[in-house]
Structures are given as C-alpha cells and as structure tokens.
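The listed protein sequences correspond, in order, to chains Y and E. Its first residue numbered 1, the first sequence is counted upward by one per residue in the working numbering. Its first residue numbered 1, the second sequence is counted upward by one per residue in the working numbering.
Source of the hints: derived by calculation from the structure; they are not laboratory data. Among the hints, a few may not be true.
Listed below are several chain E residues computed to face chain Y (Cβ distance under 8 Å; list not exhaustive) [as the list claims (entries may be wrong)]:
1) Tyr193
2) Val290
3) Pro291
4) Phe324
5) Lys329
6) Ala411
7) Met416
Simulated crosslink set (BS3-like; lysine-lysine; CA at most 27 Å straight-line) [to be verified]:
8) E:Lys279 <-> E:Lys473
9) E:Lys279 <-> E:Lys253
10) E:Lys279 <-> Y:Lys92
11) E:Lys409 <-> E:Lys371
12) Y:Lys92 <-> Y:Lys13
13) E:Lys279 <-> E:Lys443
14) E:Lys371 <-> E:Lys329
15) E:Lys443 <-> Y:Lys82
16) E:Lys329 <-> Y:Lys13
17) Y:Lys82 <-> Y:Lys92
18) Y:Lys13 <-> E:Lys279
19) Y:Lys13 <-> Y:Lys82
What you are looking at is a predicted structure, and each value in this text was computed from that prediction instead of being measured. Built from N, CA and C at the ideal position, the CB exists for glycine as well.
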Amino acid sequence: MAITEANVRHIAKLANLALADAEVTRMTGELGVIVGYIEQLQAVDTAGVEPIAQVTGLVNVVRADVPRDMLPRGRVLGNAPKADEVAFLVPKAVDRS
Amino acid sequence: MSSAVSIAAAVNAGTSARVAVEAALAAAKADTLNAVIRVLDQRALAAADAVDRRVKAGEHLPLAGVPVAVKDNLCVDGVAATCCSRILTGFTAPYTATAVARLEAAGAVMVAGTNMDEFAMGSSNENSAYGPVRNPHDPTRIPGGSSGGSAAAVAAGIAPLALGSDTGGSIRQPAALCGCVGLKPTYGMVSRYGLIAFGSSLDQIGPLARDVRDAALCLDAMAGGDDHDSTAATRTHVPLAPQLTGDARAALKGLRVGYVAAHVDGLQPAVATRLEAAKSALTAAGATLVPVTMPHERFAIAVYYIIATGEASSNLSRFDGVRFGHRAKDPQTLGDLYARSRAEGFGTEVKRRIMLGTYVLSSGYYDAYYKKAQQVRRKICDDYAAVFAQCDVLLGPTSPTTAFTAGEKTADPLTMYLSDIFTIATNLAGVPAISIPFGTDAKGLPIGLQLQAAQWGEPVLLRAAAGLEALAKTG
C-alpha cells in the first residue's frame with residue numbers, strides 16, 4: 001500500500017497533529033518505508049487464527065464500584081496550563097453567536 | 001558503589017542510610033553522561049533519615065538505604081515526570097507509582113530521575129528533550145534505549161539500582177550495551193499504576209542492576225497484585241533473592257537451555273563468539289543444550305510496530321494541552337489547541353509512531369494491519385509455548401551489536417527499529433527475560449546475553465541467570 005501525502009494529511013487530522021508541510025513530506029517517505037516493511041505479514045498464513053490482545057489469560061477484572069483514593073482537586077488543576085478553582089479552561093468549543 | 005544487598009545489610013546493621021544516599025546524590029550531581037536529569041536531594045535525604053528511624057525502631061528492611069534512580073516515565077509524588085518530552089513540561093506527579101511506593105516501603109531511597117527516549121520510544125536514547133545520553137564505556141557511543149539513562153546510571157556507579165520500563169527491549173538492550181543486568185518480568189508481575197503508558201499490552205516495569213541478586217531483590221519488593229492496576233496479576237509472589245544463595249553454578253546442572261541456531265546470522269562476530277563461549281561453558285557446567293526453532297520470530301518487529309504504535313496512538317491521545325503539560329500559544333479553537341499543542345510538544349519519533357499507529361487502526365486498514373498483527377502475535381506466542389515444552393530457558397544475544405556510535409542510525413528509523421530484533425518477541429508473548437553481561441568486544445564494549453523463560457518462570461530464569469553470571473566471571 002503506497003502512502004501518499006494526502007494519506008498523511010488525513011492521518012494527521014485523525015491524530016490531532018498540526019504537521020508542517022515539510023513534516024508531511026518527510027513523514028510520507030518514512031511511513032512508506034515502514035509500511036512497506038510491515039507488509040511482510042501478509043505472507044503469513046493466519047487462516048482460522050484467533051487474534052490475541054491479552055497474553056497472560058486475564059479476563060475481565062471487576063471490583064466494587066465505590067469511590068476511593070481521590071486526588072485533591074487543587075493538585076490536579078495545578079498541573080493544567082489554564083484553570084480556575086474548579087475547572088480546566090479551554091477556548092470556546094461551540095460558538096452560538 | 002556497593003551492591004544493593006551489601007548496602008541493605010550494612011544499614012540494617014546500624015550504618016546510617018545517609019552514607020550510601022549522600023554518595024549517590026554526589027555521584028548524580030557529578031554525572032557527565034547526561035544519564036541523570038533530576039537529583040532528588042532534599043526528598044532523598046529526608047527518606048534516608050526515615051529509613052534510619054525505621055531501622056532503629058527494629059524494622060528489618062530488605063532494601064534499607066539502597067539508592068535507586070527512576071526512569072522519567074514513573075510518577076513520584078511531588079516530583080516532575082516528563083517522559084523526557086516537551087509536552088509534559090511543568091508536570092508534577094500528584095501521586096507515587098506503586099512500584100516506587102513498594103521500593104520505598106522496603107527501605108529504598110529514590111535519588112535521581114533518569115534520562116530516556118521520549119515516551120520510551122527509541123533504542124539509543126537520542127530521542128530525548130533533555131539531549132542524548134552517553135555510554136559510560138565510550139562517550140562517543142549511545143547507551144541503548146529507551147531506559148538509557150537508567151542503564152548508564154547503574155553502569156557508571158551512580159546508583160546500584162535503577163528502574164526502567166520495557167515495551168520491546170527498553171530495559172534489556174541498554175543493559176546489554178552498558179554492561180549491567182536488566183530484567184523484564186512476566187507481563188503483569190509488577191503493577192504499572194503510575195507508569196506513563198506506551199503500549200499497554202506490552203509495557204512492564206523492571207530493574208537495572210549490578211548483578212542478578214540485586215535485580216531479584218528489587219523485583220521481590222515490587223511484585224504482586226495492586227488494586228490500582230487490574231492488569232497486575234494477583235498470584236502470590238515467592239521471593240526470588242533468597243533462592244539465589246550458594247553456588248550459582250550448581251543450578252546449571254541438568255538445566256535444559258534452548259537456543260535458536262539462526263540467531264547467529266548477522267551478529268557482530270564478537271557477539272557470536274561470546275554466545276558460543278556461553279554455550280560451551282553451560283555445557284561444561286552440566287547444562288543440556290537444546291536446539292529449538294521460532295518460525296515466526298522474524299515477524300516480531302513488523303507485529304510490534306503495528307501493535308505498539310496502535311496502542312501508543314491511543315495512550316498518547318491524553319496529551320492534548322488541556323489538563324497538563326504544554327499548550328500552544330493563543331489557540332483559536334479547541335481543535336487548534338489540540339493539534340498545535342501536540343505538534344509542538346511531541347518530538348519527531350513520537351509523532352512518527354502516533355501517525356503509524358493511527359494509520360494501522362484507521363477505517364479500512366484495521367483488518368489488514370492490526371488484526372493481522374494480532375493473529376501473527378498468537379503464532380509467536382505458540383512458538384514460545386513449543387520452545388518451553390522442550391527447555392527451561394532460552395539463550396540468545398540481547399542485541400546484534402555492541403553500542404553503536406551516536407548519530408549512526410538516527411537518519412533511518414527502520415534500521416533503528418531492527419536493533420531490537422532479539423528483544424521484541426519477548427514482550428509480544430509476555431514472557432520474562434534478562435540480559436546478563438558476558439564479556440566485551442575488542443574495543444572493550446560490553447556484550448549482553450539474554451535468557452528467557454515461560455510466563456511466571458522467574459525462579460528458573462533467575463537461577464539460570466545467576467549461573468551464567470558466575471560463568472562470565474570465570475571466562
């Protein structure tokens with residue numbers, strides 16, 4: 001599968017990365033080489049092989065749904081680039097004007 | 001710098017924890033390798049005094065007063081944690097990772113934060129916002145990665161123990177290249193609460209140490225279930241360090257040691273020579289060599305760069321400039337804030353892997369890449385199961401070469417990825433593995449050999465490793 005600049009721009013949008021034009025060009029070449037390498041998997045016969053996501057045999061781990069060990073709000077908000085006493089602050093997401 | 005075992009023995013016998021801790025802090029400040037990015041001065045001295053009080057009150061602490069260096073992707077309450085990334089600039093951990101908390105409960109003292117490849121993505125420690133780390137054996141060479149700072153800190157004698165994380169070899173490869181012991185435990189043996197995630201089906205925390213016994217002591221303190229991490233196994237951990245006393249070579253008698261003949265293809269000759277020397281020495285010590293095959297191992301890197309990047313693209317979506325770390329100036333919209341904060345905050349390799357991971361998970365490509373990789377991953381797991389039906393441990397090289405020179409592979413990402421050829425399958429199968437120093441090349445650069453075992457096979461793995469370590473000392 002050849003990787004094009006259009007592919008790269010689309011993926012960058014999905015990944016929330018504002019890439020500069022030069023980065024798009026470089027990434028197109030680099031991802032093309034890497035994707036070319038991983039294409040070798042197509043040669044492996046995996047008919048009837050169940051995909052594996054967890055290798056130690058764990059199944060759903062459940063616990064009682066009770067609150068515990070909450071971090072102090074001030075310490076959490078203290079790491080934010082912009083916050084007030086109760087919330088993280090970001091630019092307006094919906095413009096109703 | 002003495003071993004962790006001897007420091008703990010001295011502190012439990014009444015020597016102040018300050019002796020070893022102050023020496024480690026001084027060494028961390030004098031670091032010329034860029035292994036240390038943060039010295040935990042006041043916190044460490046206060047912790048040393050607390051250890052002294054506990055010992056005086058009659059407690060026996062398995063890691064009393066042992067200085068430990070911590071990779072920068074582990075949270076320590078009140079201390080910065082950045083994954084050596086610009087995107088975590090200004091982040092202070094609001095809680096302590098379970099692995100670190102358990103070491104502290106056992107008397108260990110965190111003395112320094114160590115350099116790493118950004119978000120643990122790299123094999124040379126050249127992808128760090130803090131700059132590259134130098135190899136203690138030759139400063140023109142790389143220390144390996146991604147736990148390069150931790151490996152260099154142990155090899156340079158800054159601390160007897162350091163914590164690393166291993167997603168595809170990030171503990172073992174730098175251990176091999178720096179000449180120390182690096183242990184990746186079975187997936188789920190150590191809680192990852194407080195470890196900043198990279199590839200969640202692969203990541204595991206483990207020690208870098210001067211010898212096998214110190215590594216075992218460190219793992220003993222960390223292992224076990226954790227209410228904060230549902231992937232941490234709840235099985236009972238039987239302490240490993242006490243099993244490593246006496247003549248280490250005795251454990252090799254009757255041990256079935258597997259090896260893959262094809263592993264010598266493409267090895268640097270000095271590495272191949274040392275591997276053959278290890279095989280001869282093991283045979284002489286009474287072990288039985290068992291030739292085995294791993295038919296799907298050669299696909300491990302391709303599988304890894306689909307699964308690890310897919311998981312990383314998901315895990316790293318939390319870094320968006322809202323709750324912590326870097327935010328772009330004057331964002332116009334929320335989307336603009338996300339996209340520019342991330343583009344400015346992440347380095348080149350991290351962006352490359354997020355892009356690859358997003359691509360393999362994207363609509364229309366998922367089946368061809370991600371699902372296919374999960375199927376081949378199962379075949380690799382099956383290869384391991386077949387191998388460990390025939391032998392107790394699997395011996396091989398940790399890295400195909402000794403430490404390469406700085407800049408040698410940075411221009412070509414794929415060549416860099418291929419330097420992890422022997423360590424990646426381990427993580428895909430969740431099995432434990434350890435790298436043991438086994439001599440040097442003609443330039444005096446360390447060579448590491450890797451032993452692997454079946455899941456939860458740490459007892460036999462570490463006994464075999466201690467035996468191999470003893471053989472290394474005698475030639």
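Hint numbers not upheld by this structure, sorted from lowest to highest: Numbers 1, 2, 3, 5, 6, 7, 10, 11, 14, 15, 18 - these are the hints that the structure violates, sorted from lowest upward.
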